[in-house]
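The hints should help you fit chains B, C, D and E with the ligands onto chain A, whose structure is shown.
Protein chains in written order, with our numbering: chain A, 19 to 529; chain B, 508 to 823; chain C, 173 to 466; chain D, 450 to 785; chain E, 119 to 449.
Just so you know, the hints here were simulated from the structure itself, not pulled from any lab data.
Treat the hints loosely; a few may be bogus.
Okay, derived cross-link-like pairs now, DMTMM-like style, lysine to aspartate or glutamate, Cα gap no bigger than 20 Å in a straight line [to be verified]:
no., chain 1, residue 1, chain 2, residue 2
1, A, Lys140, B, Glu556
2, C, Lys457, B, Glu717
3, A, Lys529, A, Asp323
4, A, Lys154, A, Asp129
5, C, Lys227, A, Asp402
6, E, Lys324, D, Glu720
7, A, Lys524, A, Asp87
8, B, Lys514, C, Glu355
9, A, Lys213, B, Glu592
10, A, Lys351, A, Glu489
11, E, Lys234, C, Glu355
12, A, Lys419, B, Glu552
13, E, Lys394, D, Asp693
14, A, Lys140, B, Glu552
15, C, Lys457, E, Glu364
16, E, Lys324, E, Glu364
17, C, Lys426, A, Asp323
18, C, Lys457, B, Asp632
19, E, Lys394, D, Glu655
20, A, Lys449, B, Asp547
21, C, Lys426, A, Asp129
22, A, Lys190, A, Asp236
23, A, Lys140, B, Asp815
24, A, Lys400, C, Glu355
25, A, Lys140, A, Asp129
26, D, Lys558, B, Asp815
27, D, Lys558, B, Glu717
28, A, Lys449, B, Glu717
With beta-carbon atoms standing in for the labels, derived distance ranges [said to hold, decoys possible]:
no., chain 1, residue 1, chain 2, residue 2, range
29, E, His447, C, Thr282, 31 to 41 Å
30, D, Asp480, B, Gly645, 51 to 61 Å
31, B, Leu685, D, Arg468, 44 to 54 Å
32, B, Leu567, C, Leu197, 48 to 58 Å
33, E, Lys147, D, Ala536, 28 to 38 Å
34, A, Gly55, C, Pro232, 51 to 61 Å
35, A, Gly55, B, Gly562, 24 to 34 Å
36, C, Leu321, A, Ser100, 58 to 68 Å
37, B, Leu802, C, Leu321, 23 to 33 Å
Yeah, the Cβ is synthetic: ideal placement off N, Cα and C, and Gly gets one too.
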Amino acid sequence: PASVKADPLKVENGPFGMTAASGDPVSGGSLTFGYGGGIASFDPASQQYSGTSGGDEARAVYGTLTEYDTKAGKYVPSMADSISANDDFTEWTVVLRDGVEFTDGTPYDADAVLFNFDRMAKSGAGFSGLWASVVKKAVAKDAKTVVITLKQKWADFPYLLSQAPGMIASPKAVKDEGESYQREPVGAGPFMLDKWTPGQNLVLKANPDYWDGKPYLDSLTFQTITTGDQALKDAFQAGGIQGSLIGTPAIVKDYIQPSSGYSGYVRMTNTGSMLLINNGTPSRPDTPGKDINVREAIASAINTDVINQRAFDGNAFPGTGIFSAESQWANDKPTFTYDAEAAKKHLADAKGFDGKIELLYPSAQAEAALTIEAQLEAVGFKVDAKPVQSITDLINAVLIKRDYDLAMYGWPVPDEPGELYTSYLERFGRKDNQLGYYNETIAKALSDFAAADDTAEKAAQMATIQAEWAETVPAVPYNTTAQMVVWNKNVHDIEVSSRLTLDFSKAWISK
Amino acid sequence: MKAAAGKVAQLLVVMFLVSLGTFSLTSLMPGDPAVAILGDNQSPEAYAELRDKLGLNEPLVERYFTWLGHVFQGDLGTSMVPPNEDVTSLIGSAFAVSIELAVLALVVALVVSIPLAMISARRPDGLLDRAASATTFGIMSVPSFVSGLVLIALLVNQLHLFPRVGWVGVTDGLGQNLYHAALPVITIALLEIPTFTRVLRGDLVRTLQEDFVLSARAKGMPAWRIMIFDAFRPSSYSLITVLGLSLAQLIGSTVIVETLFSLPGMGRLVVSSASQGNITVIQGAVLVIAACYVLINAGVDLMYSVIDPRIRRVGA
Amino acid sequence: MSAPETAALAPTARPGRRRRIDLLLWLCGAWLAVLILAAITAPVLGLQEAQDAAKTLLEPVYQPPSLGSAHPLGTNALGLDMLSRIIYGARVSMAVSISAVLIGTFVGGTLGVVAGYLRGTVDRIIGTLTNTLLAVPALILLIALATVLRPSALNMALALSLVAIPGMIRVTRANTLAFAQREFVTVAQALGAGRARIVFRELMPNVLLSVVPLCLVYVSALIVAEASLSFLGIGLRPPQPTWGNMIGEGLNGKMEDYPHLVYVPAAVLFLTVFSFNLLGERMRKRWDKREVSL
Amino acid sequence: MSRPLLHVRDLTTTFTTSRGEVVSVDRVSFDLERGQTLGIVGESGSGKSVLGRTVMGLTSAAPNATVTGSVLFDGVDIANPDKKTRAQYLGARIAMIFQDPLSSLNPVKLIGVHITETLRRHDKSLSRQEARRRAIELLDTVRIPDPARRFGQYPHELSGGMRQRVGIAIALACRPQLLIADEPTTALDVTVQKHVLDLLGMLCEEQGMAMLLVSHDLGVVAGRSDKVAVMYAGRIQEEAVSSDFFRHQRHPYSQALLDAKPHLENPARAELVSIPGRPPDPAHRFPGCRFAPRCRFVQGRCREEEPSLESGGIPSHGAACFYPLDAVRSTQEVSI
Amino acid sequence: MAGTGKTHLREAGSTLLRVEDLQVEFPAKGGRRVHAVSGVSFDVAPGETVGFVGESGCGKSTVARAVMHLPAPNSGVVNLDDTELGTLSAKRLRETRVAMQLIFQDPMASLNPRRKVKDLVQEGVEIWHRGGDRHALEERTRELLDDVGLDSATVWNRYPHELSGGQCQRVSIARALMMRPSLLICDEILASLDVSVQSQMLNLLKRTRAEHGLAMMFISHDLGVVKNISDRILVMYLGKVAEVLEVDALDRETVHHPYTQLLLASVPRVTGERIKPSVDGAAQDLPSPLNPPSGCRFRTRCPLATDRCAQEEPQLEEKRPGQFIACHHIS
Ligand SMILES: Nc1ncnc2c1ncn2[C@@H]1O[C@H](COP(=O)(O)OP(=O)(O)OP(=O)(O)O)[C@@H](O)[C@H]1O
Ligand SMILES: Nc1ncnc2c1ncn2[C@@H]1O[C@H](COP(=O)(O)OP(=O)(O)OP(=O)(O)O)[C@@H](O)[C@H]1O
Ligand SMILES: [Mg+2]
Ligand SMILES: [Mg+2]
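Chain A extracted, bound-state conformation (with noise of 0.2 Å):
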């Protein structure tokens, strides 16, 4: 009945619309980037910065030590001059670069790094308890280099040094400034802080002393725009900003035509939209959730395009199992199919349910949460649906107090190896997790999965998984979520590493 929008245009992971610039770099120029959010603080012991919340601005004021060749699909140094691992994949050596300073003339080598690895692992925030569950030991070696050592294997473990772990503050300045280092930040990155308004802009100036050149760019602006993604589109198109950041499908699939005028990169990323279906956490032992067959009724009775054309007109991922259809990492599993008969069977088999069950959502998602709730309903669930005002209340319930039956969460994980471990280690893959859900074949695929360091071996344990979660039914994908990065066309060269960071140290604008 519902007519769907056709849909002729694919979106495909990687960059789009990158045209090859005519003539070489030029210096100058500044470059402004509208976010919905914008970097908290600046000190990266205490944060887990992304794309979207920080990440690049940090990147920006401290490089990283390594970075992820989107191109290639794996992890090189960058602020360090090598890493290498041993045989197994236990002991990782960084080799830093000659004369390297921070922007305060301190030097930028092993003790700097110590110095942080140790911060960080202290803080108790950000990377930490990773850092901590990951890291057995990290020792200078001499003051080029420095040696960790692992707890367990994985050959991917690079991917922690491209994040917040691997950005270096200056120990001086973080031992003066003390409390107000997070605002007044000091790095070895391309850019450095020139003026910062938390909440409204911040303004980078570039690092003339970096170590591989000043960047083209004089300045770097990133603006807070909060009001959503359509006003970050109309502030595009008024020319207030020359790139953002993008994560509605609609748009999304705007921008990506080629007639839009705009280059950048877009990124898939698996279990981007969630349905959490509490297993039975401590918090609530009596969820209805704990049978498999009410799991198996909310699995059955969703269908992800009714909620793509209403939630999204027509322009969403739908998609039910764990990687997306363009993942590296799809296979030929089975994943979960809308079956509104089987749904009602599955629900005439949990015995002693009563069919009540209750549904938390973000207050912004209310069209694709009545939708799945129209859904449970139509196959006999009783919803209770509320919506939750604040996202940090969301996380509160789901994470930490893990009281919840059903909840729509948002789990992106891109196919990068090494975030894609991390993220479902902390998702399914360990006991006492948020979905109160436990399982040997899964955990082990995990670090199977981690110690491999060949994708056709990566792949294989991602079908297990796969697998096994079809036959389980920890929780219910409903869609992929795209995330993209968008500039103008006449801005070249800007990195895209993982967590969709951005690096602007080669970027430039032709004339």
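Then chains B, C, D and E with the ligands, alone, in the frame of chain A:
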């Protein structure tokens, strides 16, 4: 003198009550600074520890009085959420934006309303009056989020006259500042113009019926001169009241416009802090807003006596 | 001597009383009447589904308005009928704002009359409370309350009434002061009326009447306030049909493709607010010659 | 003297109101010579103020008013003045004093400013200091003690009598030839009333000013005017030289008006002759004499035809009555 | 503060209302006090009408309200039918006060605009549940309305704004009479009415007074009116009594208090002769009641004033039969 002291005391009580109310209310609000700080990838223990460190587990009353003690020393505390700025400076910059918006909007509104009211009052129920009345009614009935959207669609997306979002402080050049402020200011002014016009028109019509206006006419004064020099001042009493009230309200209630245009003003500061549970900021902000209200109220009282010598004597 | 007086009284029926018919007022009145009638009789009007998306899984979505069809005003993202959402929305929006105004008028009116009549300490206490409520901008107060209270219609009405209360207190107090100085109050005392009688029988009817136009204006203001909260995403929760929610549904870029999502509720909102404002204004002109300024 | 200072003919003022057409002044005619005072008396709503304002040329500015007929001031028609005439005449050659001395002064303007602005408006060359000096002089003329101090005060700081004197000073500022005083003493106490009336009389005499003295109280006009006109429902019912009028009234209404008022000269506890009923609603016209429904001597003709102001044989004593009292008396005598 | 004398008071038993040393002050800004009424004494015999005259602001209305204890005076004794109002409980006071009824100047302001004529008139009865059966009550109401010259059928269901000023005043009178008072206090009830209506009201009052055997306090600034209706006249000046006289004293050649003299001279005469305007010096204004002159309060405007007047307050003395004057210079 005694009356003045009483008034000051009452206003202090008002501020005390406002801060107490805010404190208890915000502590019930959703949002958790611990989550806002740590993000969503930490262990529950880490959050609990941080909450403890932030003092969120202490009893409400205790927290309130600690806070109050600091306030009396001129310290509004630090933001609970990184980058943990000084609340005073946070509010300072947001306040500058809000007050600029509010004042500019009021100026624009006055510049439009005063002549409009005068034209309307010239011939009550005349063609111009009815046209103005219908227009102001129309504008009055459009919520600011709708008028803002329409303005954006028209002036930004179609005509590219104004930037869509963003704020440039006065320190970065007055021209840029005004260019960025223009659209929000117009949107807010649209809210105020109908009220101002109607209030002033009503008072003008009434004043124009007074004998002293007739007596000015009998002296041979021309109509416009009477309107400006005779009728306007005695008619501005209600306008001043409304002006004061709306100035007070504007410094915090432009949430919608600030949201629409991504402006870093008080309204948005409060709302975003609320979603994070950043109590120190909300507290400080609401206290400052209340103080503004109190001060503006006092200012309005003062204005009355400037406008009307009869009050001046009573007050003395 | 009484006869001629009577004679002079007789022709008070004024002939030739030509009054320009206020077309606009009648149109506004008609609009409100139709809307309210529709809102009241909504359940028996045989409307399409307004709220339960489970029942509209097979309905077309985003259908634009087309008068002859089953969905004259179109459908929304969930296939819910816009017309019936408008009508049920009127039910909610008006019920919420009217009851908020009633609560506000009752509480604010009583406090105002009491303060204005008793003066002294009571007046000062009530004045302080009023100032306290006024010192926090209305929207901030509403946001605070909306995030704390569970968003039910009743809570919404209570929160919105808080916005109306201080204004009501001020107006009724000022009116009471004005009326209490009138000599009919003294006469009532001379006739032996007690305080309660004077407050409720002498002052209240007068004060309340002068407050009626303000009530209408408040109704419209609160309808807008309710819509604003929904716009900010903290009003009554969807799919509960309120006009604010309906406008909110059209944001985030959908307005460009499906303008009816925004324009239909925005137009209804506008017409209703306009009508209430106009009605209030005309009533004030009629009844309240000696306006008491806030 | 060739022509009268003020020559009013068939002056009619109509207001269009929600209740219909209100004819507040109906075909009024009179003459006023230089230096003379005409007293206009009538009950509330009889159109006295409107008449005064229309003569002043103020009514025509009202959006709902229509003025017909002519008001010749020194030969110039000022009933519907254009801007220039208004500027030339209003406040300069014709001035006005109002009933309520408080409300006719702008509460936010200094006493002195009220006067200086009039002065400077009509004499653009006048310097500020000069205007001030003249204003203080004027205040002194109207017997305001300590005029220099009063110059810098606000209206509310003055007593009622003093405010009215300020009103007079404003009116006199440009030495007008005609003063229209609309109930100048109604809001004042008797003691102050006497003072103000005396002051007005004296100034008229000194400056050779003509005056239109409007009042609802015959007593105020008595002894202070050369001629008296009695208005009822927008029409002049009787017009006469004062000495003649107070000796005997020809219109039953005028007589009733005098008899209804308990004068101090009358003996205590005297029964009063009261006029039954009340004035007609100006929006509701009926045929015949306007006073007919309340008239003691009403006859059939009175209800059908409207009498016009006729002098009835006695020169300069006109009464709009078919059976003026001299005549009634004789017919009654006959009928007995 | 010394009173202005009580020699004019008659024996306690013979009067309906006896007021002694009435004193009313209002707080003003800056801690000052308005001395509105300072030591006024008078009495009203049954069926008698006492007229009060004086310039605006001299305290006439304040006396009327103080008599009603609305509000109670700062000091002084008000005896109604040998009941001292000041000693009564609030409830008893309300009951007792009904025997006195007030009518005010502004007829519109003294009628509750939201009530119909019938309810207005019956209000007092309704308060005290004195009506008996509804039928009788309605009967009496109609009767009273007809009595005061209104067509009860026409006005029965009307609101005050649908009536003229004179009609409103009639409703007020009917309402007051409804409680069968023994004393009617009329505060400037004619001031806002037209001459023609004034005479109607005066005649009506006189007739009603006779029919109901009412005593009256009749306040007015118009000596002519007061003379017409009163038996005795009390001339007030700035919160004090200047002169008390039998009304007949006005008709005979006699000496008056200089203030009374001033009043009498100011009343306009109905005459056709031109009065020679005489402006002898500035007309003095009433001094401020915030700071009244010492001694005799009239001395600032009195042609006879001497030093003694500033030192010593004159007492009311019977200088002529039926004429009590408070002046040092009249013997
Ligand atoms: N601007 C106006 N619009 C409509 N009607 C008016 C206007 N001015 C006066 N009138 C009407 O004209 C009539 C005469 O009014 P006017 O003020 O002249 O009476 P008046 O004799 O001065 O009475 P008063 O003694 O009360 O001052 C009244 O019925 C009044 O309602
Ligand atoms: N409630 C009050 N508060 C303060 N002062 C008052 C109050 N009532 C009266 N006065 C003052 O008391 C004095 C006497 O007032 P009152 O009204 O009794 O005079 P009055 O003789 O009735 O005057 P009028 O003829 O103008 O009615 C005046 O100076 C007045 O200003
Ligand atoms: Mg008049
Ligand atoms: Mg009085």
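Results of checking the hints against the structure:
1. A:Lys140 with B:Glu556: 13 Å, holds
2. C:Lys457 with B:Glu717: Between C:Lys457 and B:Glu717 the Cα gap is close to 18 Å, so the pair holds against 20 Å.
3. A:Lys529 with A:Asp323: 44 Å, violated
4. A:Lys154 with A:Asp129: 18 Å, holds
5. C:Lys227 with A:Asp402: 16 Å, holds
6. E:Lys324 with D:Glu720: 9 Å, holds
7. A:Lys524 with A:Asp87: Since the Cα atoms of A:Lys524 and A:Asp87 sit roughly 15 Å apart, the hinted pair holds (cutoff 20 Å).
8. B:Lys514 with C:Glu355: Given pair B:Lys514, C:Glu355 is violated - Cα atoms ~30 Å apart, limit 20 Å.
9. A:Lys213 with B:Glu592: This hinted pair holds, its Cα atoms lying about 15 Å apart.
10. A:Lys351 with A:Glu489: 11 Å, holds
11. E:Lys234 with C:Glu355: 17 Å, holds
12. A:Lys419 with B:Glu552: Since the Cα atoms of A:Lys419 and B:Glu552 sit roughly 11 Å apart, the hinted pair holds (cutoff 20 Å).
13. E:Lys394 with D:Asp693: Cα-Cα ~18 Å, so holds.
14. A:Lys140 with B:Glu552: 14 Å, holds
15. C:Lys457 with E:Glu364: Violated: C:Lys457 and E:Glu364 sit about 52 Å apart, past 20 Å.
16. E:Lys324 with E:Glu364: Answer holds: E:Lys324 to E:Glu364 is near 18 Å, not above 20 Å.
17. C:Lys426 with A:Asp323: 18 Å, holds
18. C:Lys457 with B:Asp632: Given that 20 Å is the threshold and the Cα spacing comes to 12 Å, the pair holds.
19. E:Lys394 with D:Glu655: 13 Å, holds
20. A:Lys449 with B:Asp547: 17 Å, holds
21. C:Lys426 with A:Asp129: Violated, at roughly 54 Å.
22. A:Lys190 with A:Asp236: Roughly 26 Å separates the two Cα atoms, so the pair is violated.
23. A:Lys140 with B:Asp815: 67 Å, violated
24. A:Lys400 with C:Glu355: 65 Å, violated
25. A:Lys140 with A:Asp129: 16 Å, holds
26. D:Lys558 with B:Asp815: 9 Å, holds
27. D:Lys558 with B:Glu717: 14 Å, holds
28. A:Lys449 with B:Glu717: Given pair A:Lys449, B:Glu717 is violated - Cα atoms ~84 Å apart, limit 20 Å.
29. E:His447 with C:Thr282: 31 to 41 Å: 60 Å, violated
30. D:Asp480 with B:Gly645: 51 to 61 Å: At 55 Å between Cβs, range holds.
31. B:Leu685 with D:Arg468: 44 to 54 Å: Since B:Leu685 and D:Arg468 have Cβ atoms about 52 Å apart, the given range 44 to 54 Å holds.
32. B:Leu567 with C:Leu197: 48 to 58 Å: 52 Å, holds
33. E:Lys147 with D:Ala536: 28 to 38 Å: Cβ of E:Lys147 to Cβ of D:Ala536: about 44 Å, so the range 28 to 38 Å is violated.
34. A:Gly55 with C:Pro232: 51 to 61 Å: Check failed, 36 Å falls outside 51 to 61 Å.
35. A:Gly55 with B:Gly562: 24 to 34 Å: 26 Å, holds
36. C:Leu321 with A:Ser100: 58 to 68 Å: 59 Å, holds
37. B:Leu802 with C:Leu321: 23 to 33 Å: For B:Leu802 and C:Leu321 the Cβ distance comes to about 31 Å; the hint holds.
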